[in-house]
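For the protein sequence lines, the chains are A and B, in the order given. Residue 7 in numbering that gives the first Met the number 0 sits at position 8 of the first sequence; the count goes up by one each step and never skips. Residue 55 in numbering that gives the first Met the number 0 sits at position 56 of the second sequence; the count goes up by one each step and never skips.
What the hints contain is simulated information worked out from the structure, not anything from laboratory work. Bear in mind the structure is a predicted one, so any value in this text is a computation, not a measurement. Even glycine gets a Cβ: it sits at the ideal position worked out from N, Cα and C. Check each hint, because a few of them may be wrong.
[Unchecked claim] Reference excerpt, derived from the structure (chain A facing chain B, CB under 10 Å, subset only):
id, residue
1, P62
2, L63
3, I65
4, G67
5, Y72
6, W76
7, I84
8, L88
9, V101
10, Q103
11, F106
12, F107
13, R109
[To be verified] In silico lysine-lysine, DSSO-like type, Cα no more than 27 Å apart, as pairs:
id, chain 1, residue 1, chain 2, residue 2
14, A, K17, A, K175
15, A, K17, B, K31
16, B, K35, A, K17
17, B, K35, A, K9
18, A, K29, B, K35
19, A, K29, B, K31
20, B, K31, A, K9
21, B, K31, A, K14
22, B, K31, A, K177
23, B, K31, A, K104
24, A, K14, B, K35
25, B, K35, A, K104
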Amino acid sequence: MLSVYRLPNKIQDEKIIKILRRDVFILIKKMCLFALLIVLPLIFFYLAFSSQPSLFNGTISYPLIILGTSSYYLFIWVFFFFSFIDYYLDIWVITNERIIDVQQKGFFARTISEQRLYRIQDVTSEVQGFFPTILKYGEVYIQTAGAQQRFLFHEVPHPHEVRNTLIKLAERSKNKNKIKI
Amino acid sequence: MTFSLYVFLFLYFAFLVPWSVFGLIAIYHMFKFGFKNFTTFFTTFIYIGVSVIMLFGSYYYISQIDWSMNVTLLRGLFNIDFQL
Chain A
0 MLSVYRLPNK
10 IQDEKIIKIL
20 RRDVFILIKK
30 MCLFALLIVL
40 PLIFFYLAFS
50 SQPSLFNGTI
60 SYPLIILGTS
70 SYYLFIWVFF
80 FFSFIDYYLD
90 IWVITNERII
100 DVQQKGFFAR
110 TISEQRLYRI
120 QDVTSEVQGF
130 FPTILKYGEV
140 YIQTAGAQQR
150 FLFHEVPHPH
160 EVRNTLIKLA
170 ERSKNKNKIK
180 I
Chain B
0 MTFSLYVFLF
10 LYFAFLVPWS
20 VFGLIAIYHM
30 FKFGFKNFTT
40 FFTTFIYIGV
50 SVIMLFGSYY
60 YISQIDWSMN
70 VTLLRGLFNI
80 DFQL
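Please model the complete structure; the sequences and the hints are all you need to start from.
Now the structure itself:
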């Protein structure tokens with residue numbers, strides 16, 4: 000289990016500056032889809048009951064409706080929980096020494112990559128589209144000199160502020176490590 | 000074709016096996032990779048709680064059905080008399 004007090008490969012005097020996740024609107028979108036998936040069968044049952052009331056008394060149809068409804072709701076519940084996990088476990092940690100990118104990809108794939116701040120060459124923030132502009136979330140691209148040349152903070156809140164923070168921290172880190180900008 | 004309603008119930012139980020496995024994998028992910036904080040414990044608790052409520056709700060309705068009843072489908076479909 001991760002802890003803010005136990006970062007992977009913690010460096011001496013390392014402090015967490017920011018922990019980022021995708022914007023909460025992304026989670027709300029998932030919740031809206033989930034709510035729609037809950038309501039749809041209710042509408043279907045209402046329409047079916049209005050036109051065919053005997054459907055709910057049939058020898059086969061009634062057990063099938065019970066089992067089908069139970070299976071459906073159990074499935075979408077686990078589907079929603081996985082969807083939440085996908086949101087919740089994708090994090091970007093900015094410390095005063097490095098950036099850590101933790102990505103959960105599906106059930107059995109997880110990638111953790113990190114990059115020292117002094118290796119950052121260029122940071123770009125991008126807000127594109129109606130909802131991202133209104134709700135102020137977007138992408139932050141980080142160009143580094145490392146093996147993984149580009150880091151992406153995907154759909155994070157306030158990307159311009161994140162970019163400014165990263166640039167300041169990178170400059171500080173370069174000065175500390177005496178690297179020419 | 001005559002068969003018992005139990006067939007549907009066994010199919011439902013067969014569905015519950017992978018569903019439980021996926022649920023356990025999800026909980027494992029939360030505790031293995033999640034932050035040690037209130038949100039992790041609370042959301043996992045909510046997931047388990049709602050799952051238990053749904054399973055009990057299903058059990059309530061399922062227990063009221065007589066699953067030993069036989070069902071006949073497609074009666075007379077293959078009883079065609081051919082007269083030459």
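Any hints from earlier that this structure breaks? Give me their numbers in increasing order, please. 22
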